Structure formats: structure tokens, C-alpha cells
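Taking the hints into account, I'd like the entire structure generated from these sequences.
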Amino acid sequence: MTTLRADAVNQAPNQDPRSLIIEMKQVNKWFGEFHALKDIDLSVEPGERIVICGPSGSGKSTMIRCINRLEEHQKGDIIVDGIELTADVKHIDNVRREVGMVFQHFNLFPHLTVMENCTLALIWVRRMPKKDAEEAAMKYLERVKIPEQAQKYPGQLSGGQQQRVAIARSLCMNPKVMLFDEPTSALDPEMIKEVLDVMIELAEEGMTMLCVTHEMGFAKTVANRVMFMDGGEIVEQNKPDEFFTNPQYDRTKLFLSQILQH
Amino acid sequence: MAEHHTKIPWHRNPKVRSIFFQVALLAATVWVAATILGNTVENLEERGIRTGLGFMGGAAPFNVGFSPFIEYKLGESTYTDVFIIGVLNTMLVSVLGIVAATVLGFFIGVLRLSPNWLMAKIASAYIEIFRNVPLLLQIMFWNFAVFLPILPAPRQSWGLGATAFLNNRGLYLPSPIVESAAGVWLMVAAIAATIVGIIILRRWAHRRQNRTGQPFPVLRVALAAVVVVPVLAYFAGGQPFTLDFPFLDTFNFEGGMRIPTPLFALWFALTTYTASFIAEAVRGGILSVSHGQTEAAYALGLNRKRTLDLVIIPQAMRVIIPPTISQYLNLTKNSSLAVAIAYEELVNLWAGIALNQTGQALIIIAMTIAVYETLSLGTSAFLNWYNARRQLVER
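If you're matching them up, the sequences are chains A and B in order. 1 is the number of the first residue of the first sequence in this note's numbering; add one for each residue after it. 1001 is the number of the first residue of the second sequence in this note's numbering; add one for each residue after it.
A hint or two may mislead.
According to the in silico footprint, chain B covers these stretches of chain A (three or more CB under 8 angstroms from chain B) [claimed, not checked]: (1) 108 to 120; (2) 151 to 165.
Some chain B residues well away from chain A (every beta-carbon gap over 12 angstroms; in silico) [claimed, not checked]: (3) 1078; (4) 1091; (5) 1228.
Footprint (simulated), chain A over chain B, 3 or more residues, beta carbon under 8 angstroms [stated by the list, open to error]: (6) 1048 to 1055; (7) 1290 to 1300; (8) 1309 to 1322.
Think of the hints as simulated: they come from the structure by calculation, not from any bench. Every value quoted in this text rests on a predicted model; they were computed, and no experiment measured them. Just so you know, even glycine gets a beta-carbon here, dropped at the ideal spot from N, CA and C.
Have a look at this one:
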């Protein structure tokens, strides 16, 4: 049913599945008795910028966390960059190398400097010499505009700076897809902009992004698809202007009226 | 900016007050201490009790049964020897207990967090049982209710071939007899060289990884070297020592060395008791690292082992180590409960037997306190240094 709804409204890309970077087919997930994801179908082409919104507990975070298997789905198929996510540890490691993730609470490693946070995976996963890893890290720290903080510890930075470090840390691994799980929700208002600016820049460079956020301004400027989830289902997805001006379902209308009224 | 235009009366000036009260307190303390010392010396003189270390050189008129490190001869060995044996025996059971309690504590602590329901419950039950029963009771339980009754008499000893025997007097093991001192020194030198070699290997591996990105399995190579080098050195040194095997004489064992049952019972009780506290420290340490850290490491493509080694353990250790070290101190001090089961450690041997024989209560108790105080302060100094080094940098 969900499939029908989603297809009815949107231009879900109907093309050769081999060119898809992410493909979810009839994905289901339960937390104990709670049915968190219900028959999720999602196809993402390279370069797409998808914003996912919805009330809390609607399954948005769970859905993107299934893409790098921080959550395990129990039914259905997930294929990322041609690799099927199963219990196979090798597959999981390979997917995680291609998919970067940014968390609501940054999750920087507090015992390592900003530089060490960025080079850790390059050194231990990509087996890169330290000097090369530091050069690569510096490049990304410059991109998020905090190269001067490289030798500090995360605890010495502001929230906005920490989140930019977290973005740089993910970018260091040169991912094909970036997942953002409410990246600005834990930030003070004046810091949200500096993080969103980095994300907008990233989108303009053509990065494939899936972003759970309630920053509707960001959705309007950057997204090519906005998705509304509720009760573990994808209720509606559309181009941003259509989505905001002409929502099809009452649940979407109600949600939009609640978050846009202030 | 903070210029005072009104003059503060001295009795309302916090600086003056603080100095005044500190001087007053110091004077009072010195007066009390001087009075106590003066009274004591006067009273001791009145009763004709000699003070001082004079008695230390005299031969001790009693036997010491367990002295694995220095030889004790009744009638020849002095009180100084007795003191040293007491300190060494305390340190022996403490070191054995600390090593075993650390291993067991980490194991139980990790087990308590296991997703396996049964394992986690077993670990919880273990902790609650051992933590909540007085240690003295546990020591007596293991010694009098477990080890002594179940172990057989010497003639019915449980033997492992002809090399080791277990009975209610203790565990009998082969003891080494030095054939060539030069050869033993060669072995010692080889082992020292191995340790230095491993340190150099670690540095080299670190530099190589920085240069080429390739990690090197230091731990595996080091473990292999620790096993192989002493064996090679033993044969290269012309087998510098041989083993003296214990054998059953008419009533008891001769030769070899004996680890007495009370040492076992004490070691066992201290280990199981302290491990329950260490387990809680370990559990707390691991739980203190938020799950987000694991998720972030996984999302970067680090596998389980690397995540533990590089992200979780370094952070958990900061929380685990301070309480664990204070448990080490407790274990060392608790070893004095051996008085109850006659293991010859410092309090039993020195503050007990030696004090009764000489009557030198003041100096003997002071020396005993000094030993524990030295061990504790040394450990605290290390702990403070460690804490300062590991503190998270924030603002």
C-alpha cells in the first residue's frame, strides 16, 4: 500500500537498478513488539539530496540507520552501492566504508584531538601512512573552515564547530553517500547556520545525501526530494516545491502546519 | 579596578583571618603532639622499657615456616630477617591476589554486561554474594570449611605424576637448584634483552605504520618471544639449573618447595572478594562510554576489535583505573586478616609473634604502619600522576 501511495505522488525513479546507490525493498524492522519500519521502499540515485521529516518515533532515524546497519532490519532487502546488507561482516564493513554518517550529538571521540578524530579511520581502516592521512584530514578541515582547531580536543570546541569536525571526519573516508541524523537538533540557533552552510556546500558539490531534519529552509534550497514519514511508513514524497505547496495527505498537511506555523 | 576606598578592619579581612586561624591550628597541633610524645617517653622510662631498634640484631627465638625468598634458620636468623620475611610474604600474597583479582574482575565485569541472560545473572549473583559477606568470614570459610577438609592427608596426596603434590599441608612443587650462576645470569640477561627488544619493536612498528600505513602484529610477536627466548636461553646457557622434585618421606614430603594451604585460602578469598569490586568498576567504566561512541566508530568502518581498542577501552580505562587501584590498596591491607588462618605475613609475624616475644610494641607497630603507609602513599602518588595524564581536555 505504501508503495502505491509513494508512486502515485512522485516521480520515483523507474530505471535500471544497477545505477542506484541505495535500494531498499519491502524493509521491515521491529523493536520487540514495536513495528518501527513497515514495508519501506526507497531508491536513491547518485547525487540525490533527500530530506526526511516526520514526527518523532516515525522511523526516520531508524530508516537511515539501517542503511549502514547501525540498526539491523529483519525483513526485506537493502542494497548499498551494489552490496547487499546481510549479517555478513565483510559486507557490513564494505558498506560502512562507502557511507558516512553525522549524528545529532556529534559523537566525536573526546580522548583524541580533532586531527586524530579525522585520521583514525584513515590510518586503521584505509591503512594510510600518518602523513598522508593528516594531509587529507587538513584538506577537509579547511573545507569545513576550522583548520586552526586541528590540535584541540573536541571538549574545547563549540557545538557548531564539533558538528563541522564530525562532518569532516566522515568526509575523510571519501564516502559515496552521507547520512545526516538530525545534525542541527542539538545546536544553539546561532550555530545551526554554520553547519547548514557546510551541508549546502556539500550538496552543491554533488554529494548523495540523506538528511533527517526539520530545517525546512534547508529542504527548500537543497533537496531534490522531500519525504514525510509517519508510523514507520513513507507517507508521501515529492519535489520540495510540490511537497510544501501541495501536500496530498492529511497527515502531511497536519505535520507541515505544525512545524511551519512558527 | 578593585580599589578599596574604605579601610577594612583587620578582623573582617578574609586574608588576615585565614592566616590567623591556620597559625592557631598549627600551634595547637604541635602542642598536643609534643605533650603525647613527652608523656610516652617519660612513662616508658619509668617502667624500664627500652625503646629503639637495638633488638633488631638479636636472633629470633621462634621458627618461621614459610619463607620462599630468604632462608630462615632458627637461632641464627635475626628479628630483621623476620621483619623482611613478613614484608615479602605480605607482598607475595598481595601481588598474587592483585593479578588474579584483576583478571577475574575484568572477566566478571564484562560478563555482567553480556547480552546472554544467564551469563549476566551469574555474574550479578557472584558480585552480590562476594561483595556482601565480610572478608574475614570468607577467609575462614575457604581455609577451615573448604581447603583443609577436602584436601587429603600427606600420605594420600593428590599427585600430578611425580612432579607436584597437593595435600592439606599445601601444594608441593619442584624447586630449581642452581648449577651454574653464570648460566642463570645469562638467562636473566636474555629475558631483560627480550623486554627491551619488545619495547624497541613497538616503537619500530609504530613508526612503520606512520610511514607506510601497514600495522604490525606486535602483541603476537611479543608473546611468542616471551615464551621462546627463555627456553632457548636455558639450553644455550648449558641448562644452568635443575629441578629438585618433592618426594614422600615417612610422614611428610621432602625436597621441592611448599606453598602452604593458608596462602591458598588467603589468596583465593582476597581474589574472589576484591574481584567483585573490580568487576563493578569495570562495568561502570564500560557503561560510562556512551553507545554513540561505538556507533560513530562503526559508521567510520572500524571493526569491533579496533573500536574496542581505539575508542572504548581508552575512555573506559579512565573510569576503571582509579577505583581499581584503590581496590589494590584494600587488598594489600586486607591481607593482614591472615592472622586468623596463620599465614605468616607482616601483621601476623611482626606485629603478632615478634611483638609478643620482644614487648617492643611502640617501635614494632610503628614499623608495621610505616610499611603499609609506604605502599599506600606510593600507589596514591602513581594514581595522581595517572589521573593528571589522562584527564580529558576541556576548555
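The hints, checked one at a time:
Judged by the Cβ-Cβ criterion of 8 angstroms, the segment 108 to 120 of chain A is covered by chain B as claimed, because 5 of its residues qualify and three suffice. Check result for the segment 151 to 165 of chain A against chain B: holds, 4 residues qualifying (beta carbon to beta carbon below 8 angstroms, three or more required). Every CB of chain A lies more than 12 angstroms from the CB of residue 1078 (chain B), the least distance being 52 angstroms, so the non-interface label holds. Once the 12 angstroms rule is applied to beta carbons, residue 1091 (chain B) is consistent with being away from chain A; the minimum gap is 34 angstroms.
At roughly 29 angstroms from the closest C-beta of chain A, the C-beta of residue 1228 (chain B) stays outside 12 angstroms, upholding its exclusion from the interface. For the segment 1048 to 1055 of chain B, the stated coverage by chain A is violated: 0 residues have a C-beta nearer than 8 angstroms to a C-beta of that chain, whereas at least 3 were required. Under the rule that three or more residues need a Cβ within less than 8 angstroms of chain A, the assignment of the segment 1290 to 1300 of chain B holds, with 9 such residues. Against chain A, the segment 1309 to 1322 of chain B contributes 5 residues with a C-beta closer than 8 angstroms to a partner C-beta. That satisfies the three-residue criterion, and the hint holds.
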